[in-house]
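Listed below are the residues making up each chain.
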Amino acid sequence: MMDFNPCMKHQLIRKIVREFAENEIKPWVSELDREARFPFDIVEKMKPLNFFGLQVPKSLGGAGLDTISYVIAIEELSRVSAALGLCVTVHNSVGIYPILEFGSLEQINRFIPALAAGDSIGAFCLTEANAGSDAGGVETCARKTLDGYVINGTKIFVTNGGVCGTILVFAVAEGDPGCPNVFIVEKDRPGFMVGEIEDLCGMRANPVSSLFFEDCKVPLENLLGKSGQGLKIGLTALDVGRIGIAAQALGIAQAAFEDSVSYAKERQQFNKPISRFQTIQNYLADMATQIDASRLLVYRAAACKDRGTPFSAEASMAKLHCSETARKVTDMAVQIHGGYGYSKEYDVERYFRDAKVTQIYEGTSEVQKMVIARSILTQPS
Amino acid sequence: MKMLKIIVCLKQVPMVSELPWNSKTGTLKRELAQGMMDPCSRRALEAGLQIKESRDRKGMETHVTALSMGPAMAEEILHQAKALGADRGVLLSDRRMAGADTFLTSLILGKYIKKEIPDADLVICGSQTSDSETAQVGPQLAGELSIPAIGYAIDIQLQGQKARVRRYVDDFQETFEMDLPGLVTIDQGAYTPRYTALGGLQDAFDEPDISMVDAHMLGLGHDFNALKDSPTRIIDVYSPTTQKENKVLKGAVKNVVDQLFEEYGKVISHAMGKDLKTHDHGEVI
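Chains as they are written, first to last, in the working numbering: chain X, 2 to 382; chain V, 392 to 676.
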């Protein structure tokens with residue numbers, strides 16, 4: 002029989018993360034969003050609780066959690082602050098996972114402990130002015146020298162860009178665009194610069210920025226994996242990253258839903274709570290159903306990863322459904338709140354702004370459909 | 392040097408204020424409620440952990456047992472206690488122990504301690520729990536164990552086989568010295584608890600050290616039935632509700648004032664703490 006009930010550990014993780022997020026993050030969320038400010042003080046409190054090494058083995062200073070636990074933690078953080086949820090999920094997935102999966106023992110020992118402790122924030126940069134969904138369009142290049150590589154190029158819309166310490170950079174070999182590589186770059190390397198923080202519609206407390214590499218030299222031992230393995234590393238990283246973004250979108254949708262239920266019970270129109278109107282009930286029923294379906298999809302993708310079975314299509318389905326749901330649910334939440342929902346006095350307008358980008362980053366909804374379709378069509382009939 | 396044995400009593404309480412009650416027995420339908428570690432129990436655990444850490448720094452050995460009584464799902468708070476730093480957890484759980492009042496709860500906890508950890512040096516409880524607020528279990532347990540007790544403590548310092556315990560009473564701060572073994576209950580404003588680290592939680596599940604103890608193991612007879620044997624019984628429990636209503640008084644000012652005092656004079660008098668009497672001409676003094 003299939004058991005849909007979370008185990009005791011997973012229930013407890015939800016309670017523990019929710020308690021922290023409600024007490025330590027929630028009071029500041031509106032202010033952080035309004036001022037587009039990254040909460041260094043909250044991050045300091047999160048470090049000893051292992052938020053920055055969720056799935057890193059304990060021997061390297063992490064929490065050693067399974068992927069379902071990781072998903073629950075991201076979901077609960079994002080239920081309160083999508084921007085901080087984004088920081089943590091990107092750091093843990095595309096920031097750390099590729100090093101653990103493809104890194105040499107030396108690289109793992111050199112980079113992971115500081116990342117797991119949260120003393121160095123991770124970032125992954127693929128997107129450029131002319132390359133996003135089309136990873137083949139990357140122009141950032143790396144010239145090989147006797148003792149290392151020299152990287153030149155500009156990356157844009159890098160999550161955690163303004164605060165990153167360890168950056169995974171996707172670059173092609175100079176003169177050979179067919180040979181993509183991923184390099185680990187430390188923030189204090191000469192030639193590395195952080196651009197201005199982007200003025201975005203949502204996720205405003207996350208310092209998304211451009212990153213510049215101008216004759217940025219890295220030693221040979223900073224090449225991740227083998228030469229030419231960049232695309233494989235990038236795609237694997239994105240598969241993992243998509244589970245995290247799905248969890249983040251789920252958290253946003255859950256928050257919008259909870260606010261909508263309590264508002265619908267309180268708000269009186271025509272001498273009764275608006276929750277007594279069938280139109281509002283339809284909204285709430287749709288929201289709950291879509292959120293539940295999203296949760297099952299993302300937990301399934303996480304379970305596949307934990308079992309060691311392929312999870313690429315499952316991650317894409319989860320990411321697609323969760324982000325589309327987040328967009329629809331936050332839209333309905335604003336609608337239920339009416340004029341107040343359009344006001345910054347209520348949280349739902351922030352959920353609405355935050356939700357949109359989940360359909361865009363770590364692969365747009367359209368790209369997810371390409372991945373899913375490819376998986377369907379390559380299966381033996 | 393002798394190892395110091397601390398027992399911290401913890402209770403799992405329901406997470407929300409609106410709770411499903413069993414109207415026949417007057418007890419909570421715990422299976423329908425999400426549980427959490429009682430906030431004051433958590434402060435008691437924090438006190439125990441701080442004593443342990445302080446002694447660890449001096450190279451003195453300390454063992455903290457997290458002890459709870461409740462349904463099987465209460466095992467969750469013992470995992471959390473382990474994640475926070477307790478050495479082991481013990482859950483006293485049996486259908487026949489369900490529905491125990493504070494007297495029988497103290498008796499059962501005491502039975503376990505006398506049987507399994509008779510050399511415990513310090514027992515720490517929360518002063519009261521959020522689901523019943525009786526503040527009875529701590530003192531009753533001390534009675535059961537025949538050890539001294541100090542309630543509502545804000546600080547415990549151990550000096551050899553003595554505990555120096557501070558507490559606030561009204562506007563005074565009292566400092567007691569108590570011989571160990573003893574029992575202390577922690578005030579609900581003291582010992583701000585730490586958050587649970589996720590790595591610690593994983594450790595708690597990787598290396599669980601939680602013992603389940605039933606009525607038989609405690610030596611409770613076959614005819615023992617806590618619900619029936621409890622000397623006190625909850626007659627009625629309800630969630631207090633407040634109702635708000637807007638009422639607009641209309642008419643001339645004098646009529647409005649007259650109506651106000653006619654309808655709400657008693658409420659206003661009560662709120663102001665003095666009788667409002669109305670003269671014949673309607674003027675309020």
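To be clear, the hints were calculated from the coordinates, so they are not data collected in a lab. Please note that a few of the clues may not be correct.
[What the hints assert, rightly or not] So these bits of chain X aren't anywhere near chain V, every CB distance computed over 12 Å:
1) 20
2) 46
3) 59
4) 131
5) 174
6) 180
7) 290
[To be verified] The calculated BS3-like cross-link candidates involving lysine-lysine, where the alpha carbons are at most 30 Å apart (straight line), are:
8) X:273 - V:638
9) V:443 - X:59
10) V:641 - X:273
11) X:16 - V:619
12) V:396 - X:59
13) V:635 - X:48
14) X:266 - V:638
15) V:645 - X:46
16) V:645 - X:48
17) X:266 - V:635
18) V:619 - V:502
19) V:553 - X:59
Backbone N, C-alpha and C fix where the C-beta goes; we use that ideal spot for every residue, glycine too.
| request: Quick one: which hint numbers does this structure break? Sort them smallest to largest. | output: When the structure is compared with the hints, numbers 1, 2, 3, 11, 13, 15, 16 and 19 turn out to be violated.
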